[in-house]
Amino acid sequence: MKNDEVVRLFDQYAGDLFRFALSYLGSKHDAEDIVQDVFLKLLSKTVFLKPGSEKAYLMKVTANGCKNLLKAPAHRAGVDLESASAELACFYELTDGDKEVYDSLMKMDETLRIPLYLHYYEDYSYKEVAKLLKLSESAVAMRIKRGKEQLKERLERSV
Amino acid sequence: MKEIKTVFDKFDLDEEKSNEIRSKLVSEKHVSHVWLIPVAAVLAAMVMIMVIPVTRNKVVNAAEKIFKYFHHDMVDGVVIEWGTDPDTGEEYQWAEYRSDKEVELVRVKEGRLYLVLGDEWTDITDKCSATKYYRHEIVHEDGVKEVILIGGVPERHKYGWIEIIYDSEGKTRLGVYHIPYSSPKQYPDCEEEDFEWVKPAVEAEGQEYFRL
Chain A
244 MKNDEVVRLF
254 DQYAGDLFRF
264 ALSYLGSKHD
274 AEDIVQDVFL
284 KLLSKTVFLK
294 PGSEKAYLMK
304 VTANGCKNLL
314 KAPAHRAGVD
324 LESASAELAC
334 FYELTDGDKE
344 VYDSLMKMDE
354 TLRIPLYLHY
364 YEDYSYKEVA
374 KLLKLSESAV
384 AMRIKRGKEQ
394 LKERLERSV
Chain B
-7 MKEIKTVFDK
3 FDLDEEKSNE
13 IRSKLVSEKH
23 VSHVWLIPVA
33 AVLAAMVMIM
43 VIPVTRNKVV
53 NAAEKIFKYF
63 HHDMVDGVVI
73 EWGTDPDTGE
83 EYQWAEYRSD
93 KEVELVRVKE
103 GRLYLVLGDE
113 WTDITDKCSA
123 TKYYRHEIVH
133 EDGVKEVILI
143 GGVPERHKYG
153 WIEIIYDSEG
163 KTRLGVYHIP
173 YSSPKQYPDC
183 EEEDFEWVKP
193 AVEAEGQEYF
203 RL
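Quick note, the sequences are listed as chains A and B, same order.
First residue of the first sequence? That's 244 in the working numbering, and the numbers climb one at a time after it.
First residue of the second sequence? That's -7 in the working numbering, and the numbers climb one at a time after it.
Don't read these hints as lab results, they were simulated from the structure.
It should be emphasised that the depicted structure is a prediction, and the values quoted were computed from it without experimental measurement.
For every residue, glycine included, the Cβ atom is placed at its ideal position computed from N, Cα and C.
Each hint should be verified, as a subset may be incorrect.
[Stated by the list, open to error] Calculated pairs, PhoX-like style, for lysine-lysine (alpha carbon to alpha carbon, straight line, at most 20 Å):
1. A:Lys342 x B:Lys119
2. A:Lys310 x A:Lys342
3. A:Lys391 x B:Lys119
[Stated by the list, open to error] Residues of chain B placed beyond 10 Å of chain A at every Cβ, according to the derived structure:
4. Lys2
5. Asp4
6. Arg14
7. Glu20
8. Tyr106
9. Tyr158
10. Ser160
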């Protein structure tokens, strides 16, 4: 893909991919690296993206990048969520309430957290989430339901 | 769940990092190793996609009805569709390189060159060289034919392959080059003489050879 086309996609979708990667990984630096990687790789690909499918394609590549990073031996020890969250709170000037929501979400298992994020932040339908995460729609519905309950419970506990 | 929206709305790629990535994207060399031929067909397909996507849907729907619509996952990850509008006779074609379907059709293992189709590994080392190529043909049930041409030696940037897809009437629909030389800037360690097999291979298929 040509540089100017990749730059156009970057300008349009980098923020969305960054937030998605952040919801996956919990670390600002890792999320930035994934975003960089996604777009640099596009330069070495010949990809014709249908109008309207660009974001879905980039989200899928980002999800794959996040999954691979989580599987990498160097990453398996896990991110220090406490310090990653403190850094985010400081950088983005989060309120205590925001930080509680973020921490509660990030403490959840990713199998619940990611569908929850895609549905409630990205406004993706169950069908779209299922396609992106390669799950059945019923599995997505179940995970979102459980995730929602779990997040509510965690937030109530933290009050 | 509006809390999730409230929190994540505050996050964005920071300006410094954004500028850093952006400048890399501007300055980094475009190193695509996949080229599509015939260029005219691809460009026409892209124009259809970019300019009149609604027509595409209309054509697909109409074409599905009369079974004049083809969809093929080519063996190296290119997805191609073509069809004919039964009302206007207008042909439509669309091709997309899908990295999620990407496969390494040709692989080097222990100094040998293999054609890899699913679980089947065919050692083609002795059939290929800088001037010799190996031809493999797959004919699908609907008459669509895929031809794979492989040449070179099992060393980095010294082998490559071309895949050409023909419809049931023998018309060339798309060709995909996986030849790691294009310009000295992109692949400085690539020598054109390592790919002497490309021109005769393409011409033997009745295709016009061109250098990208």
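Here is what the structure says about each hint:
{"no.": "1", "hint": "A:Lys342 x B:Lys119", "result": "violated (63 Å)"}
{"no.": "2", "hint": "A:Lys310 x A:Lys342", "result": "violated (24 Å)"}
{"no.": "3", "hint": "A:Lys391 x B:Lys119", "result": "violated (60 Å)"}
{"no.": "4", "hint": "Lys2", "result": "violated (5 Å)"}
{"no.": "5", "hint": "Asp4", "result": "violated (5 Å)"}
{"no.": "6", "hint": "Arg14", "result": "violated (6 Å)"}
{"no.": "7", "hint": "Glu20", "result": "violated (6 Å)"}
{"no.": "8", "hint": "Tyr106", "result": "holds (23 Å)"}
{"no.": "9", "hint": "Tyr158", "result": "holds (20 Å)"}
{"no.": "10", "hint": "Ser160", "result": "holds (24 Å)"}
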